[in-house]
Amino acid sequence: EPHARDVVRKMLHWYCYEHHHSGIAMLTPAQVHLGLADELLQRRHEGKLAYYHRHPERFINGPPRLESLPAEVWINRPENTVEAMASIASNRPTDEQGLAVKAREATAKPLGLDSATLLVDSSCREGVIGH
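Residue numbers (my numbering): 1 to 131.
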């Protein structure tokens, strides 16, 4: 079990802090959840604009556009999101785990997601498994 936890811990660290996800504008989940997305996307845009002004011929589709985060992010979106979210919400932990639920709710807001859909995120934020 310790080996498995170590493997998963390393994978989650990579997934949350190093891997840039195409579904969230090539940012890491940690960057999004820590509230850095707007600043990073603005800096990226400024860099692209500077390059565009030096080499406009390389931008066949015109000047670069400022990227933004999507309103929702899904891996496999259920056909009926209302029912799916109600089902997830009915399986919430008891009050003794209320702090973990509140942490997930705070994390969910930047992406407009229900907190229960971000179970992996609590591991991303804490950097550990099993706490």
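There could be a bad hint or two in this list.
[Unchecked claim] Computed beta-carbon distance windows for the label pairs:
#1 Pro2 to Gly62: 51 to 59 Å
#2 Val7 to Glu67: 51 to 59 Å
#3 Trp74 to Leu36: 21 to 29 Å
Hint data in this document are derived by calculation from the structure and do not stem from the laboratory.
Note that the Cβ used here is the ideal one computed from N, Cα and C, for glycine as well.
Right, here's what the structure says about each hint:
no.	hint	in the structure
1	Pro2 to Gly62: 51 to 59 Å	holds (54 Å)
2	Val7 to Glu67: 51 to 59 Å	violated (33 Å)
3	Trp74 to Leu36: 21 to 29 Å	holds (22 Å)
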